[in-house]
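Student: Okay, here's what each chain looks like letter by letter:
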Amino acid sequence: MSFLHNYIYYIGAFGLIFIGLFIILVKHNLIKVIIGISILETGVNLFLIAVGYISKGTAPIFSKPGINANQMVDPVPQALVLTAIVIGVAVLAMALSLAIRLYKHYGTLDLRKIKEQRW
Amino acid sequence: MGELSLLSNGVNPVLLVVVPLALAFAVPLIGFVSKKIIKYIPVVAFLFNLIVALLLIPSVLKQPIVVKIGGFAPPFCINLVAGPIGILFSALIALAGLLVSIYALNYIREGPQEKYHILYLLLLTGATGVVLTGDIFNLFVFFEILCISSYALVAYLGNKAGIESSIKYLIQGSVGSSLLLLGIGLLYGQFGTLNMADIANQIHSASSPSIFVPMVLMITGLGVEAAIFPLNAWLPDAHSSAPSSISAILSGIAIEVGLYAVIRVLFTIFDASNFLMFFVFLGVLTLLIGEMCAFSQKNIKRMLAYSSIGQIGLIVFAFSIANTYGVTGGFFQLISHTLGKGLLFLAAGYMIYRSGSMDISTFEGMGKRMPLTSLFFTVGAFSIVGLPPFIGFPSKFMIVRAALSTGELLFTILIGIVLLGTVIEGAYFFRVVQVIYFKKGNGNPERKKAPISGLISMFIFVILILVIGVYPNLITKILNSAASELLNRIDYIRSVLG
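So the protein lines, in turn, are chains U and A. So the first sequence is numbered by our numbering: it starts at 1 and just counts up by one. So the second sequence is numbered by our numbering: it starts at 1001 and just counts up by one.
Isolated chain A, as found in the complex:
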């Protein structure tokens, strides 16, 4: 262990951003040498990131690491804050990035593959940057890296649906970004600083109307990417027209990074405990609308996309309860959604590839034609619904416990509505599982497997879902420190400003 801790002291969190960024721009150069090794670059980059993030966890749990870029003291420079939340998210991004890039080795066969890998690396670089940065304008810049690469990746296939969804996403996303920048400008005008901890430190010295306007602008701007209810019209189109590997990343990482930015702005910068009741209702509304729309879908990817909206609603609800259980449950649900929905999109990707259509009814008899992939899809579906022994069960259970621990009648009623949403979720997922296993396909029951790289990546997802589902204590330590970082903003300010 001595050697390991020595190693982790030498690792700089800035590598988490720099290495994928540098490799993204090295892709065309490496392409001159050999076209065949390009697709392994994302695998290498995110394997590296995952190792760095895991090595950093022990030291981050003791004390957040603040990287001062340029060597100036925090209010004057751009700084990275690798606290428990930042490291939790970067490990999650690296993990999902690694598994999906293994899946993509064989899945991405058409189109300009070189550009796919560049944009994929940039998307996840932007995501990692957003969760690690401690500077609000830097957050905007990384957010734009994430958004622009996801606009391009949604249109990757270049078909009618992809281009149309991409342009819709772009229009809504860029209006959102402009509002975010306007909010940042208003904050800078009042406080003369862009450092998140410094703004958080001074926020109570300003009058409440003058911080309300930038707060609304920033939450609206970030809420577009986080797909909170009135701002999520782009999501089902974009997630269903992108290639499946990208849908997994958009659903598992991009909207959750948006949600991270929303809760960071709400809890740490604005300390907006007065407005959380609004977000409780918004969360429940998002959940119900997402689940009800998902129920009426016939297209498998649109169904999964609407289910993501429902899950985001649940996570917003959990965070807005704002006690320790609620926030811990929110982070847990984020992890469970990334693993579950990632697996579902990846499994659906090959099922669509075999059946030639996204229509759920064409999956009849898929349990015989692709036994392993169907099994993986079922595991993902059960986990999202929240059945034991999968990861969705402990995470949903924690949210229910959080709502009941408040002891208020309102939260008891709301958690009842949330459980109703879960019942709807169960109904449409079980319907798909039923079609896969219990309906006989009229085609020839030809057994075809997904390629081995796809199976390996889905298998690792399944293992993680099962292991964390059975032993949730494996990650409770980091979840608890993440929750306390979010709830104790004074500690965050102190650790950055010193």
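Isolated chain U, as found in the complex:
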């Protein structure tokens, strides 16, 4: 059980990443593919947080006396994830607005039927 306890965040993160990739590769509905991208990004974000996380750690602020630096979580990955979330929102908004326009043109979101561009 200690393995699970130590690595649960990594397992969760890679689980989300593989679920996201699976959805992107297998599903034909554009909205589902966009959801897959979102899940993939969430997995990556969770992974980044897990890299800097310490069990029972606190925020890196010297608020209470007697806290050592090794009891604090690493703030850098959190800053990275904050940025990555904002980027993810931008991509998601872009993707959904494109999906709306695509639906207006084709009347469907099924990617198998949207095939005007070919090799």
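Treat the hints with care, since some could be wrong.
Here are the simulated EDC-like pairs of lysine to aspartate or glutamate, each with C-alpha atoms no more than 20 Å apart in a straight line [said to hold, decoys possible]:
no., chain 1, residue 1, chain 2, residue 2
1, A, Lys1160, U, Glu116
2, U, Lys64, U, Glu116
3, A, Lys1160, U, Asp110
4, A, Lys1439, A, Asp1491
5, A, Lys1298, A, Glu1364
6, A, Lys1036, A, Glu1114
7, A, Lys1298, U, Asp74
8, A, Lys1036, A, Glu1110
9, U, Lys64, U, Asp74
Hint data in this document are derived by calculation from the structure and do not stem from the laboratory. Given the structure is predicted, the values throughout are model-derived calculations rather than measurements.
Starting from the known structure of chain U, fit chain A onto it as the hints suggest.
Tutor: Structure of chain A alone, referenced to chain U:
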């Protein structure tokens, strides 16, 4: 000269990123004052960038400029490294940005023009940021700025093809970005730093499987934007459905910035000389597939897009030879591709506009209808194929020389295959030139010129292609220092970490 050097000491490379970024967000505000001056903002921004980059070249050739943002010493802050490569690329981006924005003054007439200019500025800001940054997460952020604005610009016309290509590009691009971020996370977990020089300094202390995984993830992620063979399905759609001015930038700047990121990660961060053989084959494969697909196209813009894939393959091949000639030739070919393909897309833009179709067969008699534009297209085509006296000749020649200078049989065979690719390239470009000049159009041979701003920008491209083609020594100094920056990673690490 004394005054000039004084000036260049005062110029900060951070201006190259900040000025276009600030102007991009100033566009809507300036739009309140006057809608007419909006389209001149990109021209001003990239003229400024070009001057700054050219002023920085002399001092950068002596010593790379490291900008410490926030005033912390390099491993702890986000830093910009304006070395020879960074300045070479930012000058190239500013040059192409300037010429294409002059072209766009008259070309972009429909759609939300204000948004076009904002996104155009952001795209090139992202590109400049990627080539200048010395921090790997910052590279990701700038890369995303580049990618998101190019997704939006591909869909700019809002037609069926544009929206469909844009969504394809977005799906593949965002999966690529996620893989890149995952690789960055793995590297941070091992080394506890995001500074590229600092990671490069410690990379040999880690075990090889634990750096192999982040390397594969990062190269795959960046390879989507760089259009290396198995990851380039988005490119022909996106480049052919975007407005022609954007196709020129996507083909001339965006994929090359992606390629810059790939070689920076490979050479500087991971020092992956063991894996270069893999990239040699990948480059040749990309080249052959690109050229063969281009050969079978009837749509002019798709043909040019596939030709870009072929050129990227050639550049990957040149860099993977990894001797001085090869890397110098790779940078030279990058410049020659930006100028040649930029010119081709811009010329094709007005030819499509006149003929009303992207089909090559509708260009019959174009040599009579648009003599200047046809001439410019021909110059671009000859340069890409590699005929003297255009810039494509010295750059391809340098790559051939690099492959032969290794003295290995394998490289001699591979360069033979590369030259075969060039023959295919020649075949499809000459076919278009033949259609333009030697077939009589059945329509009325009405002479119509492209607008003067378009002609000026294409003319400057032609001048550059000819001048550098005849005097390649003009840029050899900066190419050589760029090559030595890429090959001597210890010097790079030392100049950043001090």
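Student: Run every hint past the structure and note whether it holds.
Tutor: Hints and how they fare:
no. : hint                  : in the structure
1   : A:Lys1160 x U:Glu116  : holds, 8 Å
2   : U:Lys64 x U:Glu116    : violated, 63 Å
3   : A:Lys1160 x U:Asp110  : holds, 15 Å
4   : A:Lys1439 x A:Asp1491 : violated, 56 Å
5   : A:Lys1298 x A:Glu1364 : holds, 13 Å
6   : A:Lys1036 x A:Glu1114 : holds, 10 Å
7   : A:Lys1298 x U:Asp74   : violated, 56 Å
8   : A:Lys1036 x A:Glu1110 : holds, 14 Å
9   : U:Lys64 x U:Asp74     : holds, 17 Å
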